[in-house]
Structures are given as C-alpha cells and as structure tokens.
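Chemist: Protein chains in written order, with our numbering: chain L, 1 to 353; chain R, 1 to 117; chain Y, 1 to 167.
Just so you know, these hints were derived from the structure itself, not from any lab. Where a beta carbon is used, it is the ideal one built from N, C-alpha and C, also for glycine. You may find that some hints are simply not true.
[Claimed, not checked] Below, a list of computed lysine-lysine pairs in the DSS-like style, where the Cα atoms sit at most 30 Å apart:
1. Y:Lys164 <-> R:Lys37
2. R:Lys111 <-> L:Lys78
3. R:Lys110 <-> L:Lys327
4. Y:Lys164 <-> R:Lys84
5. L:Lys82 <-> R:Lys37
6. L:Lys327 <-> R:Lys37
[Claimed, not checked] Covered by chain L, per the in silico footprint, the following chain R stretches (three or more residues, Cβ under 8 Å):
7. 7-18
8. 58-67
9. 80-90
10. 93-99
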Amino acid sequence: MEVLVQLYTAILSLIPFEPVRNAINMLVPTLAIASMVLGIVFILIWWERRLIAFVQARLGPNRLGPGGIFQSFADALKVMLKEDIVTADADVILFTIAPILVFVPGLLVYSLVPVGNGMIVSNVNVAIFLFLAISSITTLGILMAGWSSNNKYSLMGGIRAVAQAISYEIPLLLSIVGVIMLAGSLSMVDIVQSQNVWNIVRQPLGFIIFFICSLSEVNRIPFDLPEAESELVSGYNTEYSGFKFAMFFLAEYINTFTLGALCTTLFFGGWRFPFDNLLGDIGLQLTAQLGIVWFILKTMFFFSVVVWIRGTLPRVRTDQLMAFAWKYLLPAALLNIFVTSIFAAIGFGVFSR
Amino acid sequence: MESFGRIGFMLFLAFIVPTIALVLSRFLQPRFVTASKIQTYECGIKPYGSAWVQFNIRYYIYALIFVVFDIETVFLYPWAVAFKGLGLFAVIEMFLFLTILLVGFAYAWKKGALDWH
Amino acid sequence: MAANTIFFMIFSLVAIISGFVMITRRHPLSAALSLVVTFISLAGLYGLLAAKLLFIIQILVYAGAIMTLVIFSIMLLNVQEEDLPAEERIIERVSITTLILLPMIYIIGRSFTVIKDGQFPEVSQDFGTIHSVGMFLFTTYSFPFEVISILLLISLLGVVVLAKRRI
Chain L
1 MEVLVQLYTA ILSLIPFEPV RNAINMLVPT LAIASMVLGI VFILIWWERR
51 LIAFVQARLG PNRLGPGGIF QSFADALKVM LKEDIVTADA DVILFTIAPI
101 LVFVPGLLVY SLVPVGNGMI VSNVNVAIFL FLAISSITTL GILMAGWSSN
151 NKYSLMGGIR AVAQAISYEI PLLLSIVGVI MLAGSLSMVD IVQSQNVWNI
201 VRQPLGFIIF FICSLSEVNR IPFDLPEAES ELVSGYNTEY SGFKFAMFFL
251 AEYINTFTLG ALCTTLFFGG WRFPFDNLLG DIGLQLTAQL GIVWFILKTM
301 FFFSVVVWIR GTLPRVRTDQ LMAFAWKYLL PAALLNIFVT SIFAAIGFGV
351 FSR
Chain R
1 MESFGRIGFM LFLAFIVPTI ALVLSRFLQP RFVTASKIQT YECGIKPYGS
51 AWVQFNIRYY IYALIFVVFD IETVFLYPWA VAFKGLGLFA VIEMFLFLTI
101 LLVGFAYAWK KGALDWH
Chain Y
1 MAANTIFFMI FSLVAIISGF VMITRRHPLS AALSLVVTFI SLAGLYGLLA
51 AKLLFIIQIL VYAGAIMTLV IFSIMLLNVQ EEDLPAEERI IERVSITTLI
101 LLPMIYIIGR SFTVIKDGQF PEVSQDFGTI HSVGMFLFTT YSFPFEVISI
151 LLLISLLGVV VLAKRRI
C-alpha cells in the first residue's frame, strides 16, 4: 500500500463508529482526488504559460509567488469578479447549462483513473468503457454551447467540434482494443498491473493513434479548429464571459490532464516505476510506496509534450483533418488490432502473457 | 455498492463545484446591462439574421458513418475482453466481421463519401 | 437492496417524466435534449439490473452517437416553430395509439399477476458482465454476430447512396 493510503487507513481506524467510518471512507477519497485534480489544473495553466513562453523566447507569468505559480489563482479570482454577459438572443437555460455539462464529465472521469497504488475512487471492472461513454457526453455540451449562443461563429465552432469529435472517436476507441486484448480486462488497475513490459513496447502504433486522437478530442493544437481564432473569433465559447467562460477553460485543462493520465495508464505503466520488476526489491518498493509521484510525473511529461506540440505545429485544414481520421487513422487502428490479435493468439515474444 | 456510491458522490461534486462557483460569481460581479452589450457579437457590425440556419449536409453524412462504426467498435470490446478464453476461432470470426465491414468502408471511400467537399 | 429499489424508482420516474416532456415539447431541440435524459436514466436502470454492457452501450451509442445524429439532423433541417403543422385530430391519434399499446399493457399487467414476490432466481456474479457477454457472443451466438456485420454493411451502403444523391 502507498504511504498516503497507509496514513489514511491509520487515521480511519481511529474513528470508533463503523457507520461513521464507512461514510467517511466513501466521501474522503473522492473529495481528495477531486481536489487534487482541481488543484493540479491551476498549476497546469501556469506551467503551460511558462513553457509556451520558453518556446517563444519570452518569460511568461513570473511575478506572483515563486516563479509566478500563483498567477492562475489570481486569474481565477479575477474572472470571478467579471460581469457575466448573456446576449439578448441566446437561449438562456441551455446557455447556462452548457458550461456545467462540459465541466461535469471532465471531473467525473477521475473517479475511474488510478492515480497511485490503491489510490482510486472506485475500481469498477468496466472502467475504460465507462470512461469513453462519460467523455462522449462532453460533445453534447459543446454543441449545446454553440447552439444556445445564437451566434454564427459559436454555432460553426460547435458543429466543427462535434464533427471532429465523432470522426476521431472511432480510431480512439479502436486503438485501445489492443491494450484491452493484452490485459484481458477493462479495469484500469488490471491494465496497469498487467504491464510488466510497458504497453508502449507492445502497442507502439496503438499509442500513436491514441495520442493523436485524444489530442483531437480535447481540441488542442494542431486540432483546435472549433476555436480557430483566425476564422471563428473564439469558436463555441465566443459569447461566453465571466465564470462561464472559465468553466470551459478549466474543462479544457482537466481534459488535457486526462489525456496525459490515460496515456500513462494505458501505455506507460500507470503508477509503476520504470522497469520496477527488473530492479528487484527497490523497484517494487518504489512502485508500491510512491506510485502517485510516478503517475503525476509521467502525466506532466505528456502534458508538456502537448504544450510543446502547441508551440511547434500549425493548425490543420478541415478537409485534411477529416481525411486524416477516416483514411489513415481508422485503417491503421484496424491493422493494429489485426496484428495484435495474431501475435497474441500465437503467443509471440512480449505478447505471450 | 460502495464503488457506485463513490462515483455518485463524484458526480455530485462535479455538479456542485461549478454551480457554487457560478452562484458565487453572480453575487460578486457588477451588472450594467446596456443594449449594445447584450447584442450578439458579429465582428462589430449589427448581427445579420439568426444563427439558427440550415446546415450543410456533409456533417450529417459523417454522423451517419460514425454511428455505423461506433456500433462495430462496441462489438470489439467484449471480444477483446474475452479474447484470452476464446482462442483462434474468435480471431477468425472477428476477421470475417471486420472484412465484411471493410467492404462497405472501401465502397464509401471509393464513392467519395469520406471526402470533404 | 432498499437503496437499489429507491434508485430504480428515481430512474424510472425521471425516464417517464423526460419521455413525457419529449413528446409534449414543440421545439425539436428541447425534445431531443429531454430524450438524452430519458436515455441516461434508462442506462441507470440497466446498470441497476446488472446489465453492465447494456448500460455502457446505452450511454455510448444512444446518448452519445445517436443523439449527435438526431441533433445534427434537427439543425440540418432547422424546422422553425411556425413551419410545424398544427396538431390535428388529437383524439383519433390517441385512440389509435392506445389500440396499438393495448396488447403491451395486457402483457405488462399479466406480468404483475404472474410474477409474485421472491420468484426471481438469483443471478450469478458474472451475469451481464462484458466478459460473459463476449463469451456467449463468440461461441454460442457466432452466426447472429456475423449477420450483424451484414446489417451494418447494408446501412453503410445506404449512407453512401444517400450521400451521393444529395451532394
């Protein structure tokens, strides 16, 4: 068990009444992971701004706190005090629900992701499938935001977001099939535990497809057509201001962190220390005691890669975007499944377990 | 039961956090509504008509193809989970399933239904 | 057990209410959005009945894919409220619907009298899990599974034909 989990269990066992203990055991881990995610998001915003500034040879926010780390908290406070404008022609109810509907799936999926050894809100055995189902709801929220604004740019952005999301969802779903096949389970904990050899070795093509598709699902550069500022002002959130806009902004960062978390869990051994089973006792202890550290480090690495890509690549064109999903990624994902299933069926090399 | 209780609590949190933030912001923010402020944004000019107009059919075609492939993918998941207990016969079965669908996919490709016009 | 029953009631109630809202709303988009609520509460019912695969398919395919399609087609047609025909001959329609529904109501009523308390057999632990469904689907029911691919192929061809005619 992890150090933090041990500490938590020790404190929990001090509480005398069983019903109280059960209630606390239900609420506290959920609350802890939710607040961890929300806390990390603020750091992520600052980290992205610093990193992109580094790419562009600027300084970025560096005034508030050490290295400017409190900048995002100040921004959140500021945006809280800003006037929240609802335009006269908007559909008020949907306009208000939409940001919440985009935010909810983003946080909800963290009840399925193991952030450390034994640190998971609930280890359901259909986790990945449920994860994909929950995150497909986000699309509906974006479409709602675009439509309810009654603004041409918003609607255009919303429709683009949905067309892009549905095109890239198929290769995304297909790219995970290989991982599931090798683990024989949909539970994320089982998948991490099955990775004595990291899945990236067995599923390199699957990882590339997964990474590209999830980049597109979270609408990051080079796939940020729904909010292409040179064409659509700001896309589906053009009419949003104040804290409703901040909701979309936070959801985007949570989703980008989720991208990293999923890459880590599915392809890079989750909370496991690199080569822990080869390092013997030390490696296994590092995995067992400090899982959350490795998980967050790996996830931050993928987040930084996303920022790096943002600093490097231009935006793709709509026709290229669609053609890439349907004509390259989909056949490649099917090929990956074919090859993996043949190798796994005959038990070839690293596929044997 | 405990696991679903926790997911339920997470769902509750995910709803309550933005709601509290929005309500709080409502009390903290200034409100000066003017006619031009609540006008729909259209690059500075007065908005021309409503945004709720008819949309291009090409989006619809993608959505239709998506539904077909989504259902196909859903069948792949139970297959992948049960893969270890099924053996080579299941591999052949799935190959047949995918090959039949790939015929349709190749047809759609050839006819240009996947192109962005 | 009691909590399950309470959640079952809540989900059924939400499903019925949102279904009612769906058929009474005039604007197609609000009708479609209440349909989403119906689909999600149906998914909740499946989840409570231990049908895990159905639960996820209900959310992924119905609430995700099919609803996107429905909302897309509503936006595509962009039916205005004044374009909608007036609802006429309501009494006739309601009576015809009732006539069609009568056999169903009969079956549901029968099930209440036939199935008494405690007559349900306990389902095994892996009932409805994805693994067991997969096992059945690819051994016992492999032929129907292959037929599904033909069905999907036909629908895909239909899409292409539609696309070619309209563009």
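Chemist: Are the hints correct? Go through all of them and say.
Modeler: Status of the hints after comparison with the structure:
1. Distance restraint check for Y:Lys164 and R:Lys37: the Cα-Cα separation of roughly 45 Å exceeds the 30 Å cut-off, and the hinted pair is therefore not satisfied.
2. A C-alpha spacing of about 53 Å is found between R:Lys111 and L:Lys78, which places the hinted pair above 30 Å, so the restraint is violated.
3. Restraint check: the Cα-Cα separation between R:Lys110 and L:Lys327 comes to about 11 Å, which is no more than 30 Å; the hinted pair holds.
4. Restraint check: the Cα-Cα separation between Y:Lys164 and R:Lys84 comes to about 42 Å, which exceeds 30 Å; the hinted pair is violated.
5. For the given pair, L:Lys82 sits about 14 Å from R:Lys37 by alpha-carbon distance, which is consistent with the 30 Å threshold.
6. Taking the CA atoms of L:Lys327 and R:Lys37, the gap is about 45 Å. The hint is violated against a cut of 30 Å.
7. Three residues within the 8 Å Cβ limit are the bar, and the stretch 7-18 of chain R against chain L gives 9, so the coverage statement holds.
8. Evaluation of the coverage hint for the stretch 58-67 of chain R: fulfilled, as 5 residues show C-beta separations to chain L shorter than 8 Å, against a requirement of three.
9. Check result for the stretch 80-90 of chain R against chain L: holds, 6 residues qualifying (beta carbon to beta carbon below 8 Å, three or more required).
10. Requiring three or more residues with a Cβ within less than 8 Å of a Cβ of chain L, the coverage given for the stretch 93-99 of chain R holds, as 3 such residues are present.
Of the numbered hints listed earlier, those contradicted by the structure are 1, 2, 4 and 6.
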